Structure formats: structure tokens, C-alpha cells
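Protein chains: 6
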Amino acid sequence: MRPSGRAPDQLREISLTPGYARHAEGSCLVAFGDTHVLCTATVEERVPPFLKNTGQGWVTAEYGMLPRATNTRMRREAATGKQSGRTQEIQRLIGRSLRAVTDLKGLGERQITLDCDVLQADGGTRTASITGAFVALHQALAPLVQGGVLARMPLTDHVAAVSCGIYEGTPVLDLDYPEDSSAETDANFVLTGAGGIVEIQGTAEGAPFSEAEFLSMLALARDGIGRLVALQRDALGLG
Amino acid sequence: MRPSGRAPDQLREISLTPGYARHAEGSCLVAFGDTHVLCTATVEERVPPFLKNTGQGWVTAEYGMLPRATNTRMRREAATGKQSGRTQEIQRLIGRSLRAVTDLKGLGERQITLDCDVLQADGGTRTASITGAFVALHQALAPLVQGGVLARMPLTDHVAAVSCGIYEGTPVLDLDYPEDSSAETDANFVLTGAGGIVEIQGTAEGAPFSEAEFLSMLALARDGIGRLVALQRDALGLG
Amino acid sequence: MRPSGRAPDQLREISLTPGYARHAEGSCLVAFGDTHVLCTATVEERVPPFLKNTGQGWVTAEYGMLPRATNTRMRREAATGKQSGRTQEIQRLIGRSLRAVTDLKGLGERQITLDCDVLQADGGTRTASITGAFVALHQALAPLVQGGVLARMPLTDHVAAVSCGIYEGTPVLDLDYPEDSSAETDANFVLTGAGGIVEIQGTAEGAPFSEAEFLSMLALARDGIGRLVALQRDALGLG
Amino acid sequence: MRPSGRAPDQLREISLTPGYARHAEGSCLVAFGDTHVLCTATVEERVPPFLKNTGQGWVTAEYGMLPRATNTRMRREAATGKQSGRTQEIQRLIGRSLRAVTDLKGLGERQITLDCDVLQADGGTRTASITGAFVALHQALAPLVQGGVLARMPLTDHVAAVSCGIYEGTPVLDLDYPEDSSAETDANFVLTGAGGIVEIQGTAEGAPFSEAEFLSMLALARDGIGRLVALQRDALGLG
Amino acid sequence: MRPSGRAPDQLREISLTPGYARHAEGSCLVAFGDTHVLCTATVEERVPPFLKNTGQGWVTAEYGMLPRATNTRMRREAATGKQSGRTQEIQRLIGRSLRAVTDLKGLGERQITLDCDVLQADGGTRTASITGAFVALHQALAPLVQGGVLARMPLTDHVAAVSCGIYEGTPVLDLDYPEDSSAETDANFVLTGAGGIVEIQGTAEGAPFSEAEFLSMLALARDGIGRLVALQRDALGLG
Amino acid sequence: MRPSGRAPDQLREISLTPGYARHAEGSCLVAFGDTHVLCTATVEERVPPFLKNTGQGWVTAEYGMLPRATNTRMRREAATGKQSGRTQEIQRLIGRSLRAVTDLKGLGERQITLDCDVLQADGGTRTASITGAFVALHQALAPLVQGGVLARMPLTDHVAAVSCGIYEGTPVLDLDYPEDSSAETDANFVLTGAGGIVEIQGTAEGAPFSEAEFLSMLALARDGIGRLVALQRDALGLG
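Chains as they are written, first to last, in the numbering used here: chain A, 1 to 239; chain B, 240 to 478; chain C, 479 to 717; chain D, 718 to 956; chain E, 957 to 1195; chain F, 1196 to 1434.
Check before you lean on any hint, since a few could be wrong.
What the hints assert, rightly or not - Taking lysine-lysine and the DSS-like style, the derived pairs with C-alpha atoms no more than 30 Å apart in a straight line are:
no., chain 1, residue 1, chain 2, residue 2
1, E, Lys1061, B, Lys321
2, C, Lys530, D, Lys822
3, A, Lys82, B, Lys321
4, A, Lys52, F, Lys1300
5, B, Lys291, E, Lys1008
6, B, Lys344, B, Lys291
7, C, Lys560, E, Lys1038
In short, the hints are calculated from the structure, not lab data. Please read all numbers here as calculations on a predicted model, not as lab measurements.
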């Protein structure tokens, strides 16, 4: 029934490749099917002005898409001279999601910037970005703990994300682009490893949706995110 | 228990003043307590390029805040030369919410722009904007129906919005700024008059939240939005 | 003879409402007939770089217009990414006018920013802004004097402004939009309470004007500004 | 008494060199003492959108200053990415002044752009620009009349400009930079050959000024502009 | 002697992977050692305004670098709001180089945009971009020839590029970043398959260089580019 | 054979006028025939951040063109809000060329900014700029040496530049605009007084060019630059 032929609760093929980028302190190439995002984590010994002398660190994110990541070429944001509303919305979401599991006091006065650049897009770029950025963040922090710069890993839990939708009346997990563009409802869920909710965004694309539909999507997401967290653990060698 | 002394399920004092602006086709000054937003609706006989010759119209929104609407002065976006990510996120939300109850084919090839300008801010500016923009939109469309330009009112239902939060462990309705800045969780709900969900945005500010907490907030929102829709009907004289 | 039916030397109905904005140190909603401007004054304990360590303060102004303050919607300057030449010209004029009656040394190293935002426009927005901004400025300074931060009120006089024009050959006071758009000549006058000239701007819209015409306009302005200063005194309770 | 040693009613040495630029349809290098401005006039067979199909033409102006035209280097506006408020104010003034003596209907649907670029600045750049731009404009139009494209010269009169000020209590003509920066009052006058007033801008730099002071400045300006118009006629060979 | 241990005339390990991007008409992931660039070619049935109705096509290029492609993070150009001078210089060079071997009349009124995005940088990003962009361009054009849209392949020859330098007095081929940053002289060569020179850029980083040094670099480049062209042919299956 | 009637190895009429600008520390009006560029040198007692506390100075350049320096008017870069790729490419080239002969350590922690503004263009504006900027730079440094601020002139040699091209099959020196626009190949050469190569930029406009053609152009350039350096010495009175 799904254009992809997947079962309603089936994720696309997921891969997480830590250490993909040579220069960054942490990195992860994440694939949710044909959606490929390169996530890098940069550690800097400085914080934004509002955190100076607070002893507290910061985690922030930037998001971009190569002009031909999509089916038709989009104008390059560097050439148009500004980031679109969509880009800003997504990078704010990624930053909030990662901060939700970061002990900012434990991080000390340093900033981690997560760059999520979409090399190829097929729906779900923001959820893939959050899922991959967690791996890059963890990889960037590990040497600080091992080297004794930080007393303990300043992450309180895993965080991962997935989209769900109502497609032809059925709740389905992890929309690809063809499903996304014809779904009646589209929702993004960001959950922790323990199942706590970090962020929910649900939007009726056509008719409004009901509480029951929303709860079926949440149940699918909870299950899918459990599997994504297991894949994060594998990728990071956390047993 | 709430800083405002309100009961958990109590809205702030709400007022909706249609026709506040002299020049606009539709307008509404909306107050949610000390949050005051001037919403205007402008009707233009043209559509964005992607809708040319489709017979379909468009509803879009822009959002702004006077520099001293807030407790400390913010830089004027016209002077900095760009709209912040927050501004763009809010105006995209307002536009989507209003389009969700508009019959764009019934509107014909015309565009309605809803300008929501915050004169004074005390939390909940985006939910007040959506609630007031609906009144401005309705007021702008009425003469088109009365004048026979449109065969019927191209609105499929009311739409209104309210925020909820978990404040000191208790779910509460319609956060003002002091509550908003110390709530553990903050969620915005956009519902139709019939109770359908148009948009949900929930964010954990501190610890992740649970499904049960989320459902209590949704119940509060459903009740509050029912009252906001009644106030919209009063303001528009819809009996 | 005037579209408005007013006598040549008749002001529109003027109102000055101090304290209109809840958060600002000083504020005034000023109405010159259907022209409504919200003026706020923000006090900050810092000065522009060129005044650092001079013991001297600064007064500056910013001006904006809501997109639908006018009969047809204008593009939002925050969205276009720059302030128009007209906006910059007006905000520079407001700043100069208020500085002309401010004792900048007496103010000490602090800056007052006057934001003048036009909620509704019907001609004369710059002169209404100057007249209202004086009230906001005075209101912002009073507590500093009362609290002993300043030894005395650092204002040397009142300042107010009005436009005049030659309309169908007759000099008239305080042009509204219909008069402004068909006047042969348009002039703005900024005077002090004592009648000193702070700024004069006269422009021939059609044929050049004569010295005699200019002097009749100045006489009208002098009289009108006398009445505006009296209204400022009333509004500020200065007896 | 004047830093320049000039009499109060004495202009600086003025020169007007038409045809200075090889490529432009009209041009004039104008010098008011050490203030040197290169004015060029470009004729284009198109008009701004608001004049399409009205049979009417347009005259507009742009103003710039080389970064090291002044005593200390100013940042290049092309590098900062925007024109300052001062630049926009001046170029709007130049455009209005030239349009005041142009028969826009007689010009037909074409646009003349006057570029005034300050090569060296010593006060009075805007008045020198207007005076020189008239010569460039005339030079650009003459071949259109000679070639029969235009039935007659679409200029109704000359236009020229000069500044005046109150310097140490005395009204003086044509301020250079040292005078300008210490004058109590600064005024710019734009007059036609017949003595009609096109634009007046008077600003109190220190104490407000009186009507009598203003009128002495106007008398000085009227006399100086008479001489500037004679020099324009000489430069254009109008006998 | 070289930091990389390579012989003076030795290229880094080169790989060209055509068809790397799923959505683009043509693409190539090119690696010159640790420098990795993703090149995509987009075909559009439109040309820039200056070519409308000339029957001629256009080839243009855009260049970007992921923020963490380099050893320290660079600010994202989309966030700073403009492309640097270096970026513009490089993308202009890529465009000129590819146009030099394109029969623009044979291409017809269509535009090919080559996007070269550096995923990882280790020196020579512009020369890798040109070499890979040719493969992407060829791949995008082939189906137009096969499908009969074009009568023949509108490419007159191959084009490829490589850098050379004088490193510790010795001319060397294909600089990586450590070599590039300490070379006395840095030159980029763009040559056709037949050995014609398309573009030469030589810059003395320290002392000026001599004609003899320049000619040794050119000889190295000629040899290296011969090998790059052979690799392009392999990658494109041109036997 | 050349449109200009010059011999293949003949420069245009060259003039170098040092001290043309009144306010700058150094200046030179340079003419290569009808190409006229005003070069000014500004000395500032500060360096860019990356040179703070290194004891080393900096030389940088900015380039601009008056809108009507060319045959048809170009949009003013200050009005469009950004410098074109061409402008940035040229100003980077001028800066590199002058730094190549400057002893930056000997200059101490100060910055020289060379502004090259094209008043009139007829081809070769970048090479005229470099040649004139050297004179302005020398003039700005001389008083620092004479006044004992610098122990010796921090210039290691002269630097000058000229363009060459292949015009109708013949290598020619110093292209003017008509030659430049129809030459098959265009190359710019920047050489020191001693004949060392500082920068070479060669571009095939039509067919690729050969090594032999390139070497003939280099020989022409070497000869022409020798004459330009002699003219620089004359202009600076260096005997």
C-alpha cells in the first residue's frame, strides 16, 4: 500500500557511519534510505556572549542542503544571501533537540556546533539530521572525557527522531518523499532513549486530524525511535 | 499557584476588536491579557507565481514585533536587515493555520495577506495572532460574499490557538510571560471549531515530558479553544 | 475649501496619551486626526562608540510603519531587508529634533532610543512622531530626575512639529493625506516651545514657491506648534 | 573672520567643466573650491514601472563618495552592502531638485539618471552636485532637441543650489568643511533661475535659530545662486 | 622531500565516481587524495536574459564548501549572507573552463549549472572541481544526444585542471594543503585533452618567480592533465 | 592592424599624476589612454585581527567603478548591495600584487588601504590600477621614512602590470576595450622592476592558446612593464 512497499511500521534502511569526515572532532554520515545527511560536530573553547562567565556550555546547529540534493535544483542559499524560513526552523529544532540531552553545565564553557548538510534528500531530512547529529556529538565528546578534560560524558540520554504520517487513512512510520508529499498529516517526533518526549510537531496538510490518529503516530514513532537508538549504540560501539 | 493567580484551566482576559484599522479590508486588535496584537487582512487580486492560472487563491501571513513590545528593547528587524528564525517560524505557522480552514479554490485567484504586529508582548503572541487573524480574515471576506464576488464564504470552519504548559508539575492553560519562562514544557495547539487538530507543537524546555502530560495539555487546549471560538463568533456577530 | 472642511489655520483633532505602552520607560500614543503613532522611549546605560568616556549622552530615533497603516499595503521593511530612503530620512529628522532640546551633557553617558511606529497613516506622520516622541522622552527622564540619578531634567525646552502647505493657492496648517497629495508645496516645521526654529524643510511639489508663501506657512506653523506645546504640557501634567 | 578668509557673501572659486566624461550623454566636473564632484547624465529609453504607458519621463539621481574623498577614509558603501541614510537623503534631494525644472511630459517616456560622485569633499557636496547635475542634464538633452527627438528643450528653468550658515553669529554663504563643522546653523537652498524656491532645508546645529537669521541666509543664497546660474549659462554656451 | 612523500611529478590518488547523486542529470564525486568534491550538473530549458532568442546555450558553475570541510570550521556562507571573494573567483573559473570546451550553439537554448560542493578539503579544490565537473557535464549531455534532442555531443574536447608549485625550490605537481601553504609559488593550469591552454593562474606567494620556473610547472601540469583526461575517459566509459 | 593603430608592442599614452587627491596620504591619477583610475593610499595605525601583536603590517586594496565609467551605465554596487565577483577578483589581485613588493615586517603594525576607483574605462583597468597604486603607496610611505617612523622604505622593488592578447593572430601589448572584446586570448602580467613574475593570469576567450603564444605575450609584457617602471620612477622623482 505504501509507495515504498514498506509495512506501516517499517523504517527505511538506516545506516550511521561515524567518523566519515576527516577534519571534524565528531561526524556521522546518516542515511534513512535515499536521504543522506553529513553531520559534523565542531568543538570550540568559547561560548555565545549570553553565557560568558556562567560556567555553562552551548550546543547549536546549522542546516543546509546542496542545491541539487533534490529532484529539481534549488537556489543556493549562499547565493540568494539568506537562509530560508524552512532552513532556520530546522536548524533551531536540531539545536533544541540535542541540548535537551546535554548537561550544559557539565560541558563547561565550550560550544559544540552541529552542521547537518543534506547531500541527497528523499524526505525526513530533519529527523535523519537529529539522529545522526547525536552520533557526531557523542564522538566529539568522547575524547574530552577520555583525556580528562570533562569528568564525565555530559549527555543525559540518547536522542533520535522520526517522522510519521497518515497515508491514505493509515498511520505509517518514516515517510519518504513520495509518501510525505501526499500524506494527509505529517508529524515529527523527537524522543530520548528512555522514551521521554523532547519535541512534537504535527501538522494537518489537508483535513484536521484527530487525537486518536495522533496517538497512533506517537506509538509508531516510539517504536521506531527505539530501533534508531539501538543503531546509534551499535555505531558508537556502546554495546 | 500560578504567578497570575489564575486557575489552571483559566484563560487570560480575552478581547477581540474587529475593524480596528481604518484602511485594511479586515482587521482585529486581539488581547490575551497584556499581549496585544494588531491583525490586518489585505486582499489582492493576484497570486504567487506557482498558483498562476490554477483558479486557486492563497492565504499567507507576516509577523512582526515593535522593538519595545518587550521588557527590554529588541533590535528592529528592518534595521538589522533580516527577519529572525523565530519570526519566520511564527509567520509560517500563522499562514498554515489559516490556510487549513480556507477553501483556496473557493477563494479564487486572489491572495489574502495577514499582518500580525505585536504592539505589546506578554507571552502567547503566536496563539493570539492566529486567533485574531481569523477574525480579520473573516471580516475581509464577508464583503466579497455579500457583493457576489464569491458564491459562498470560503472558510470551512473557525480556527483558534492557545498555549499550554507544565508549570511546577501542573498542566496549565494560556501561559503568560512569567509562566512561559519558567514552565518545564511549552506547547502550542491550533484547533478548528469542530475540534480537529490543525497543528501541535510541543517542546520540553527542561526534562522530557510524558504522553500523559501531553494529553492533559491537549484537553486544556481543547476546552480553551472552544471558548476562543465562541468569542470569535461574538466579535463577528455570527450569533 | 479644504477636503477636510477645516479652516486654513485649524489643526486636526490632536490627542496625546502618555504611558500607552506597558514595558517602555516612556511612551505616548499620538493622534493627529487619523494619523496614529506609537512612540516609546528606551533608556540604556550605554552610548555609541564615538561618545565613550566623554560624559555625554545620546538621543536617537527609529521610525517604522505597519505594512497596512496605509491605504494599500506596503512591503514590510524587515522582509525586504532594508529601510527605505524615506524611512531613514524621517528617523534622522526625529533624532535631530529631539537632540536639539536635550542637554546631552546633563543626560550623562546614557542613550535614549525613541521608536516611532505608525499604526495608521493619514499624512503628517513625521510631525506627529516628533510631537509624541517629546512626551515619551519627558516621561522616560522624569523618574531619573525624581530618583536623583540626574540633578535636573536634561531638556532645555519643548519641541513639536507640524506640516503646512499651499493648497489651491492658500496656505494651510497640518495637511492630511488628501491635502498632502494635491498640495503645490509641502513644508515641515520643527520649533521649540520658545518659538526658536529647529528644522525647516520646504519642498515645491509643483511650481517653485515664493518667499511670501514660505513666510505665511511659517506663521501658521508657529501658531499651531504653540497649541501642540500646550497639549504636551497638559499630557505631561506640567500645568 | 571666516576660516577661509572670504567675505560673508563670497562664493568659493567655482568651476563647471561640461563634457568631462567620455562615455556619458552629458557630464560636468563641478568644483566649489576643494569640493569636486563628477556629475554624469545617462539617457535610457525606459521608465520606472509606475510611469509605463503614461507618456511621461523621469529624472532620478544617485550619489556616492569615493572612500578617501574625505580627511579620514570612510568605508566603501559597496563593501558595507548598503547606502547610508545620508547618501539616500542627498540623492533623493538631487532628484527632486532636477525634476522641479524638468517638463516630464515633454521628456517623453525616457529616464535620465544623474550620477553625482564626489571625488574630493570640502563641504557642500550636495549643493555642488545639484549645480553640476543641471549642466550634465542640459548637455544630455541638447542633442535630443537638435536631432528632433524632442520638440523643445524639456527644461522650464535653471536650478542651482548653495549652502548658508550662521558662523560666529554672522550669516555666511557657501560653507566649506571647517565652517560647516563649527557653524551654529546650516541651511541648503535650491532655487530656480527665476528665483523661485524649490527646496529649503534648515537645521539648528546648536541653539535654535530665528526667522530673521533664516531670512538673511535666504538673501545670501538668492544672490549666490544668481551667480551660479550665470556660470551654468557660460559653461553651456547659452550666452 | 614532499610532506606527502610523493615524487615531484606524482599526482595524488585520483578517483572519479560518475552518477554519485541520485537526482541530478549528471554527477561525479571526485577525489584528489583527501580533497573530495561532489559535482552535479543540472540541465534547464532556459537561458540567462542576455542569451534569449540567440539559439545559444550557457554553462555556469557554483562552488561551495561545507563549513567543516576544513581543519577549523569556517562560517557558513548562507549564514553570513554572502559568498566570499574566493568563492566567487573559483566559481567563475570553473564556469569559464567548462565553457571553453562547450559548443554553446550546439547546446541550443538551455543552461547547464555545475554545482561543485567540497565535502572535504586538502588543497586543490578548484582543480578537482573542474576535473570532476567535466565528467558530470558529459554525463548530463549524453542522454540528450542519445535521445536525439541534440544532433551531436556539444563538447569540443576534454578539460581538466591541476595545480603546481615550487616547493623548497623544486617544481612539484598537485599540491596538497601542507604543500600549498608553504610553497613559494602556486599555479593552477586548465588544459584541454589536446593540450591547449584554457587558463593559467600563477601567483608568487613569497619571492617573485622566473620564467624558467613557470615553464617547469607548465610541463608538470601538461603531463598530469594528460593522466587526468585518461581517468575521465575511463570513468565515462569512453574507452 | 590594431583598431587603435598602435604597433603590436606599443603602450597607450601613459600618465601618472602623484598627489592628485588632497586628503590622502598618497595618491596617483593614472591614465592608460582613455582608462583613468584614481588611486589613493590610506595609512592606518591598526591591522586586521589575524595580525594583532605580530609586529607585521598589511596592504590591502579596494576597487570600484563609477556607474558611467563605461559605455552603458552599470548599476551602482552600493545600490545593489554587493560587490560583483569581478570587483572582488580585481581588488584581491591588486592587494596581492602590492604585498608582493612590500616588506610587511618592515612596515610595522599598520595597514595601507589602496582604493582604486575607475573614473573612465577603456580596457585594462586592473593593470592601470596596480601600476598607479604602487605610486600612491610609495608616496604614502615616503614621509614615514623621512620622519623616522620607519627605518627604511619597506618596499623591496617596483611592481607594475600590463595586459597582452592575441589579436587576429598577433600578440599585442596593452589592450584597449575594442581590442580586448575581440581578442582570442587575454592575459594580465604583474612583474617587479627586476623582472620577477608576481602574477600571471591567462584566459582563452575563444580557442585554447599555445605555449608559444603565451611566451610571446610574456615577452611583450616584460618590455612594456620595463617602460612603466621607468615612468613610475619619473613620477616619484626617483631619478
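For this structure, which hints from the list above don't hold up? Hints 1, 2 and 4 are the ones this structure does not satisfy, whereas the remaining hints hold.
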